[in-house]
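Chemist: Residues per chain are reported as follows:
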Amino acid sequence: MDTSKLILIAMLLTVATYYIGKSRAVAVAGGPSGVRNLNSLPFYYGVITSLWCGLPCLLLLGVWSIFDDYFIQQIIIQEFPADIRQLSESDLGLLLNTVSNLATGSFVEPNLAPYIVAAAERLKSLQSVSQMALNVVFGCVAILLMLITWMRINAKLRARIEVEKAFKWFLLLCASLAIFTTAGIILSVLFESIKFFKAVPMSEFLFGLEWSPQTAIRADQVGGSGAFGAVPLFAGTMLISLIAMIIAVPAGLMSAIYLSEYASPMVRTIVKPMLEVLAGVPTVVYGFFAALTVAPFIRETGTIFGLSVSSESALAAGLVMGVMIIPFISSLSDDVINAVPQSLRDGAYGLGATKSETIKQVVIPAALPGIVGGVLLAVSRAIGETMIVVMAAGLAAHLTANPLESVTTITVQIVTLLVGDQEFDSPKTLSAFALGLMLFVVTLAFNYVALHVVRKYREEYE
Amino acid sequence: MQKSTGNKLSTIDLVNKNLKKRYRAEKRFRAYGIGAILFGLACLVVLFTDIIGKGHTAFLQTYIYVEVNLDAQQLDITDSTDPRQLAMADYQGVIKSALRKKFPDAQGRRDKRDLYSLVSNGAGYTLRSMLEDDPGLLDTNIGVWVLADDDIDTYLKSRNSEDVKAFIERMNPKKIAWVESLLADEHMELQFNRTFFTNGDSREPEQAGIAGAMAGSLFTLLVTIALSFPIGIAAAVYLEEYAPTNRFTDFIEVNINNLAAVPSIIFGLLGLAVFIGFFGMHRSIPLVGGLVLTLMTLPTIIISSRAAIKSVPPSIKDAALGLGASKMQVIIHHVLPLAMPGMLTGAIIGFAQALGETAPLLMIGMVAFIVDIPGGTSDPATVLPVQIFLWSDNPERAFVERTSAAIMVLLAFLITMNTLAIWLRKRLERRW
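Chains as they are written, first to last, in our numbering: chain A, 1 to 462; chain B, 1 to 432.
No lab work stands behind these hints, which were simulated from the structure alone.
Hints may be right or wrong, so weigh each one.
Claimed, not checked - Computed cross-link-like contacts, BS3-like style, restricted to lysine-lysine with a CA-CA straight-line distance of at most 25 Å: (1) Lys360(A) - Lys272(A); (2) Lys428(A) - Lys195(A); (3) Lys165(A) - Lys317(B); (4) Lys17(B) - Lys360(A); (5) Lys27(B) - Lys355(A); (6) Lys165(A) - Lys327(B); (7) Lys96(B) - Lys27(B); (8) Lys360(A) - Lys327(B); (9) Lys456(A) - Lys310(B); (10) Lys168(A) - Lys327(B); (11) Lys174(B) - Lys360(A); (12) Lys317(B) - Lys355(A); (13) Lys27(B) - Lys168(A); (14) Lys272(A) - Lys96(B); (15) Lys175(B) - Lys355(A); (16) Lys27(B) - Lys272(A); (17) Lys96(B) - Lys355(A); (18) Lys21(B) - Lys168(A).
Said to hold, decoys possible - Residues from chain A shown here face chain B by an in silico Cβ test under 7 Å; the list is partial: (19) Glu164; (20) Ile179; (21) Val189; (22) Leu190; (23) Ser426; (24) Thr429; (25) Leu451.
Said to hold, decoys possible - Ranges of calculated distance between the beta carbons of each label pair, as one might list FRET restraints: (26) Ile66(A) - His56(B): 48 to 54 Å; (27) Pro32(A) - Gly324(B): 16 to 22 Å; (28) Leu38(B) - Thr416(A): 36 to 42 Å; (29) Asp111(B) - Ala227(A): 49 to 55 Å; (30) Leu424(B) - Gly226(A): 50 to 56 Å; (31) Thr301(A) - Pro173(B): 54 to 60 Å; (32) Ser315(B) - Glu276(A): 30 to 36 Å; (33) Gln131(A) - Asp393(B): 52 to 58 Å; (34) Asp393(B) - Ser212(A): 19 to 25 Å; (35) Lys124(A) - Leu424(B): 48 to 54 Å; (36) Gly375(B) - Thr416(A): 43 to 49 Å; (37) Ser129(B) - Gln131(A): 54 to 60 Å; (38) Leu399(A) - Ser129(B): 22 to 28 Å; (39) Lys124(A) - Arg109(B): 42 to 48 Å.
C-beta: ideal position from N, C-alpha, C; glycine also.
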């Protein structure tokens, strides 16, 4: 029996024990008419039995399958000849890989050293021993637990309270997952970044003006200077985000104003979902559109006016990103504009203001904090947007403010550094995590300020 | 109304004097609003027409009719019941000799090479599956439609259109003459492109399909749904029904709100460092992709589920509590069923987001070139958006049209999901 079958059995056990517990409780109470003598409803007895029985079994399977590979590996390593054991960790890993390949028979390389063949045999036997042991332990634990719970069920057992408590803990665990995720993000980028900053000083990374992460793998290789100055990336990211904002803020804000203040309900119900379709289009589609339609179009238009436009111009990526962000700004602004109380508008109309004057001088100032919050969120989105720039912006880091030239961004570099073959622990790979850290910190700051502004504003009118 | 006295203007005159200007400003402002909306809608229209215009041709594919002689000797099959022999036989050679018979004017090596390049180098697979289905066809003459090469396909699609320049860079007069004669005999035609929906990825555009990517997307999405929906609802129930107002709860809320706005690529870094680096899971498998997308969509699902739970009127909960229900019973019997439409709507929108997501999956290695169609959550796979990204790098026109077609398929899925969400909300939502 393999582990997946055991998992299936454990699940069946969980279901079965529910019914066993339930019927046992009814039996203890002396038939269906005696249920009122029980402390809790039979349902709770069923649930508590399956919790006591199924959970430990699943836990056992989980722990076993995590650790058995590790222990088997350690045993195999211990049995290698002494000189092999002295090898570095990565070489040892490769060797173990060969051994496990040999054991599963997936690929057989001729002329392997005898100790590898022996290790493969040993691996096979250890694995089957481990599986058998697991089967036996699993069976014993399951039967034992069933007996214990069978005996524990009686009319006095406060099943309901225990189940409700377990339910609450489960919910709390699920809610805490957000904290674990944040912690995971911070730890994973932080550790690798610290390793990176040991190799490359932080000041060079933050203020250096040259970015060329191709380091030489061998000493005699040409072209690997390995400069890690991230300023051109920051500048490129800001340039593209700026272009996107120049498009998105006026268009998004004006369409929100028109939809909430001028448009008839019918226009609103038709146009609003249509604009929101723009937000639902995957970014990879925008990237394709930017790279294959917008960029060539801009280049040709530029040639007509005698301008030399790069085929991966910042303008193309920025324009398309702006279009992507329009519905984002529009729906956030729409919410805050609608939250402005009608009495403020009525007051302005009463003083003789026209509609546009009311909007410009009363509604917008009242909604400003919310709009600013929305724009900040949009900026953080533009900075973190990946696919559009990966497909439409360049790879080479140029420090320029000319939107017709090609620039690169933080996200583009993270993708290029981490996709494909990577050497482990080289500054090149680690620098991607340092960039990730920068990205996380910057977007976090924007989000924090934005949420703070929005929340503070909301309190005023509610 | 007062009359103006001397050089001093009364208020009403000042107002009247400016009125025209103010009305003009009013009109201008309104026009800006309409302009902004039209701009947005125009972008939408341009985007869709561009994609559809580029991609609709990919749903048709050129096939060539050849009459082949399934000669056992040429195929090198001695025993037609041996599946190994059937799989290894030289079907391409049979097609080549059929072409030679049809066009005896192709003499010399270069000519022959040009002639052979009319059909796809995967054309033999059609014959193979036919023979595998019915070994009795061996040593008979049969007529089959086989896949044409992508150059021929592109040429055929562009040869009659006026706005697109005919694709002739990789054609020569002889090849064009052959194509025209095939067309005259009606031995070449555009048929529905089945390959696109049944094949995995390929280096040859005419053999490339999205079946592998769709299966990968399906498995990834299944993992995401199985994890994020229950966990998201549980978290929302805790925050709405159980959480005491204290610092810990605040901290959870701040975290959820921040995670909702963290760039998706960061979740990819997390997946790379934690699931692959720390837990040692394999790269490129839907399981890891699903886990990463779960973490990414959880905030969206939690936030929308909370709103749905909030909208359940307290009177219902109070009534249940008053009748002696426990808190868990109130939640399972009353709150969750009543909030379910709202929670489903939010969840489907979250899943649509996950289906269209690319960047985090690039980080965990779901960008590999994978020909086989994955059969489970632990087979190496790619997903539809990543397939689009991979194909968009290929310069051939045949790949551009397939990329656009894949985008159309992806958008069709997303629009279906979002429509479903809207329909659910309209159909099931109750206003209290």
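Chemist: If a hint holds in the structure, say so; if it does not, say that too.
Modeler: Taking the hints in turn, this is what the structure says about them:
no.	hint	in the structure
1	Lys360(A) - Lys272(A)	22 Å, holds
2	Lys428(A) - Lys195(A)	11 Å, holds
3	Lys165(A) - Lys317(B)	19 Å, holds
4	Lys17(B) - Lys360(A)	21 Å, holds
5	Lys27(B) - Lys355(A)	10 Å, holds
6	Lys165(A) - Lys327(B)	10 Å, holds
7	Lys96(B) - Lys27(B)	72 Å, violated
8	Lys360(A) - Lys327(B)	50 Å, violated
9	Lys456(A) - Lys310(B)	21 Å, holds
10	Lys168(A) - Lys327(B)	10 Å, holds
11	Lys174(B) - Lys360(A)	70 Å, violated
12	Lys317(B) - Lys355(A)	45 Å, violated
13	Lys27(B) - Lys168(A)	58 Å, violated
14	Lys272(A) - Lys96(B)	58 Å, violated
15	Lys175(B) - Lys355(A)	69 Å, violated
16	Lys27(B) - Lys272(A)	22 Å, holds
17	Lys96(B) - Lys355(A)	76 Å, violated
18	Lys21(B) - Lys168(A)	65 Å, violated
19	Glu164	5 Å, holds
20	Ile179	5 Å, holds
21	Val189	6 Å, holds
22	Leu190	10 Å, violated
23	Ser426	15 Å, violated
24	Thr429	10 Å, violated
25	Leu451	6 Å, holds
26	Ile66(A) - His56(B): 48 to 54 Å	50 Å, holds
27	Pro32(A) - Gly324(B): 16 to 22 Å	20 Å, holds
28	Leu38(B) - Thr416(A): 36 to 42 Å	38 Å, holds
29	Asp111(B) - Ala227(A): 49 to 55 Å	54 Å, holds
30	Leu424(B) - Gly226(A): 50 to 56 Å	54 Å, holds
31	Thr301(A) - Pro173(B): 54 to 60 Å	36 Å, violated
32	Ser315(B) - Glu276(A): 30 to 36 Å	34 Å, holds
33	Gln131(A) - Asp393(B): 52 to 58 Å	45 Å, violated
34	Asp393(B) - Ser212(A): 19 to 25 Å	22 Å, holds
35	Lys124(A) - Leu424(B): 48 to 54 Å	52 Å, holds
36	Gly375(B) - Thr416(A): 43 to 49 Å	31 Å, violated
37	Ser129(B) - Gln131(A): 54 to 60 Å	39 Å, violated
38	Leu399(A) - Ser129(B): 22 to 28 Å	57 Å, violated
39	Lys124(A) - Arg109(B): 42 to 48 Å	53 Å, violated
Checked against the numbered hints given earlier, this structure breaks hints 7, 8, 11, 12, 13, 14, 15, 17, 18, 22, 23, 24, 31, 33, 36, 37, 38, 39; the rest are met.
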